[in-house]
Each structure stands twice: as structure tokens, then as C-alpha cells.
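Enquirer: With these hints in hand, go ahead and build the complete structure from the sequences.
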Amino acid sequence: MLGEDTEGSLVAISDLHVGYKENRALVEALRPASPRDWLIVAGDVADTVADIEWALGTLAGRFDTVIWAPGNHELWTPPADPVTLRGVDRYELLVRRCRDLGVVTPEDDYRVWRGPGGPALVAPLFLLYDYSWRPPGFDTREAALAEAYRTGIVCTDEFMLHPDPYPSRQEWCAARLTETARRLDARDPQLPTVLVNHWPLDRHPTEVLRYPIFAQWCGTEATADWHRRFAATTVVYGHLHIPRTTWKDGVRFEEVSVGYPREWRQRSVPPGRVRQILPAPTGTPAPLW
3 MLGEDTEGSL
13 VAISDLHVGY
23 KENRALVEAL
33 RPASPRDWLI
43 VAGDVADTVA
53 DIEWALGTLA
63 GRFDTVIWAP
73 GNHELWTPPA
83 DPVTLRGVDR
93 YELLVRRCRD
103 LGVVTPEDDY
113 RVWRGPGGPA
123 LVAPLFLLYD
133 YSWRPPGFDT
143 REAALAEAYR
153 TGIVCTDEFM
163 LHPDPYPSRQ
173 EWCAARLTET
183 ARRLDARDPQ
193 LPTVLVNHWP
203 LDRHPTEVLR
213 YPIFAQWCGT
223 EATADWHRRF
233 AATTVVYGHL
243 HIPRTTWKDG
253 VRFEEVSVGY
263 PREWRQRSVP
273 PGRVRQILPA
283 PTGTPAPLW
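When we follow our numbering, the leftmost residue of the sequence shown carries the number 3, and every step to the right adds one.
Simulated from the structure, these hints should not be mistaken for lab results. Errors might be hidden in some of the hints.
Claimed, not checked - Computed list of lysine to any residue pairs in SDA-like fashion (alpha-carbon distance at most 20 angstroms, straight line):
#1 K23 with R269
#2 K250 with E265
#3 K23 with A82
#4 K23 with E265
#5 K23 with T50
#6 K23 with D53
#7 K23 with P263
#8 K23 with H243
#9 K250 with R230
#10 K250 with T235
#11 K23 with G59
#12 K250 with P281
#13 K23 with R33
#14 K23 with D83
#15 K250 with E209
#16 K250 with T208
#17 K23 with Y262
#18 K23 with R275
Said to hold, decoys possible - Simulated restraints, written as ranges between beta carbons of each label pair:
#19 V114 with D251: 22 to 30 angstroms
#20 C157 with V85: 20 to 28 angstroms
#21 G104 with R275: 19 to 27 angstroms
#22 D66 with R152: 45 to 53 angstroms
#23 R264 with D110: 33 to 41 angstroms
#24 P137 with G104: 38 to 46 angstroms
Glycine included, each C-beta is placed from N, C-alpha and C at the ideal position.
Expert: Right, here's the structure in full:
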């Protein structure tokens, strides 16, 4: 069973969305199975700075180590949040608040998990997206966005995720890709990695989206080979609210999101359960929806 080993486990969860009272209760109830457990939180903790701090602070007080990668919701500047910072300034504020809480961020040194299933370098990433995951027949970002607006399938990022001081989200994405690849290239090549990013690194998880046009807000073609290039044993992500395990090139991809109450109420598995990353679970995981 999860966490039975006294040396602990590396576990993960994402898309906590604690602005919903039902999801807040899930975080209040979440406990490690072992005092040595490390917890990955792969983005979309909440929309406001206060809620993000509450959730990560609560979890940091319970788990040996908490590792956070931001999602699009953390980067929003919603009208109801008294913190009105945008873009890079907002992200850097969240990094400072996480450090105050003892939470590991993408700007910190990557940690090495040396418990069962290790050693492995656990790398939280912040990469964004660049509208390159477009459906067939839409050769440009402008065409794909126009189709999204025509059909009403438009991500709220278009209105609340500001790229300041970058001219666009795709240019912010490009800068993040360059810096992150540089850091990963400098890692110890003998260590396998656990790559953590809110948005999936490979496009295949988006193939089951009800609205394929939404994939343009879900990642970038630039990371299609990162699971091989950076020796990943597992890729952890969220964002899609379709929790499941998939495989690509022999690498395990784990979607670990909780999602909104209206979504998790329809699943057979109780909500708010962490997913075991290391040691790797034995057998074939049961579907979570």
C-alpha cells in the first residue's frame, strides 16, 4: 500500500483549486502516510495569493518536503485578489512566499530523492505554452485562436494570465524553455529525473480532450523529446483534469490532478488522494475516472 515503507515515498497531486470549499476540505484532510514522504504539487493550487499560501503552508507543515511547480491559475491576476501583480512580478512573489514556507520552487536547486525507488533528481519546471498544439487544419496561432473564439472554447488565461514584461505568453514560454533546458543540461547525467510541470510535456495526453481546440493552451512542441533528452523515469503533470497513467517511449506520464468538485464527484475513486511516483507502483494502475 502507498507509503507503507518507513523510508517514505515520493507522491504527487495537482489542481487542488482550494477556492472551492469542498477542495479546501480535501487539503485540510490530506496527510502523509510516512513522516518521510515528499509531496509534489504540480500547479493550480488556487487563484489568489492568500489561498496559495494557505494550502502550501498547510502541506509544508505535514510533509517532509513539498515541491511546487506553478500552474496557470497561480499566474492569473483575478479581480478579487488584493494582490494585483502581473506576469513575472507575480510569479517572483509566489517564489518568495514559497521559500518563506520552505517549499521548493522551479527557481531553487533541484532536490535528489534518495528514498525507495531513488536516487532521482526531482525537477519542478515552469514552462507555459506557445499555442503550437493546434488541431489539424489550423496552421497558425491566429487561425487556431479564431476558431476557439468562434466556438466559445477559450481559456481564461487570455483574460487573466498576463505575460508582463514579455510582449506575449509565447515569448515568456520561449524564455522559460531556454533557461530550463540550460539548467537540466547541467544536471548530473548519472541521475534519472522526475520532471514536474503543470502542463504536459508531450502532446499525447491531450488526445482525449473533449474539445481538441483547447490543446493550444496545454503545452509546447518544444518539449516533445524532453522525457528522453533528460532521462526521465516519470513525468508528472496536471492541468487537464483527466487523472490517469500513460506511457511514451517507456516513460511513465502521471496526470495527478484533483480538479473541480463537479468533475471529481463523477469518479469512482475518492478525491484528494496523492499518486505514488517513487517507488514506482507495481502492476497496472486502475483508471481514475
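Enquirer: Run every hint past the structure and note whether it holds.
Expert: Hints, one by one, checked against the model:
{"no.": "1", "hint": "K23 with R269", "result": "18 angstroms, holds"}
{"no.": "2", "hint": "K250 with E265", "result": "26 angstroms, violated"}
{"no.": "3", "hint": "K23 with A82", "result": "17 angstroms, holds"}
{"no.": "4", "hint": "K23 with E265", "result": "14 angstroms, holds"}
{"no.": "5", "hint": "K23 with T50", "result": "14 angstroms, holds"}
{"no.": "6", "hint": "K23 with D53", "result": "11 angstroms, holds"}
{"no.": "7", "hint": "K23 with P263", "result": "9 angstroms, holds"}
{"no.": "8", "hint": "K23 with H243", "result": "18 angstroms, holds"}
{"no.": "9", "hint": "K250 with R230", "result": "9 angstroms, holds"}
{"no.": "10", "hint": "K250 with T235", "result": "11 angstroms, holds"}
{"no.": "11", "hint": "K23 with G59", "result": "17 angstroms, holds"}
{"no.": "12", "hint": "K250 with P281", "result": "19 angstroms, holds"}
{"no.": "13", "hint": "K23 with R33", "result": "18 angstroms, holds"}
{"no.": "14", "hint": "K23 with D83", "result": "17 angstroms, holds"}
{"no.": "15", "hint": "K250 with E209", "result": "13 angstroms, holds"}
{"no.": "16", "hint": "K250 with T208", "result": "13 angstroms, holds"}
{"no.": "17", "hint": "K23 with Y262", "result": "10 angstroms, holds"}
{"no.": "18", "hint": "K23 with R275", "result": "17 angstroms, holds"}
{"no.": "19", "hint": "V114 with D251: 22 to 30 angstroms", "result": "23 angstroms, holds"}
{"no.": "20", "hint": "C157 with V85: 20 to 28 angstroms", "result": "21 angstroms, holds"}
{"no.": "21", "hint": "G104 with R275: 19 to 27 angstroms", "result": "24 angstroms, holds"}
{"no.": "22", "hint": "D66 with R152: 45 to 53 angstroms", "result": "49 angstroms, holds"}
{"no.": "23", "hint": "R264 with D110: 33 to 41 angstroms", "result": "35 angstroms, holds"}
{"no.": "24", "hint": "P137 with G104: 38 to 46 angstroms", "result": "42 angstroms, holds"}
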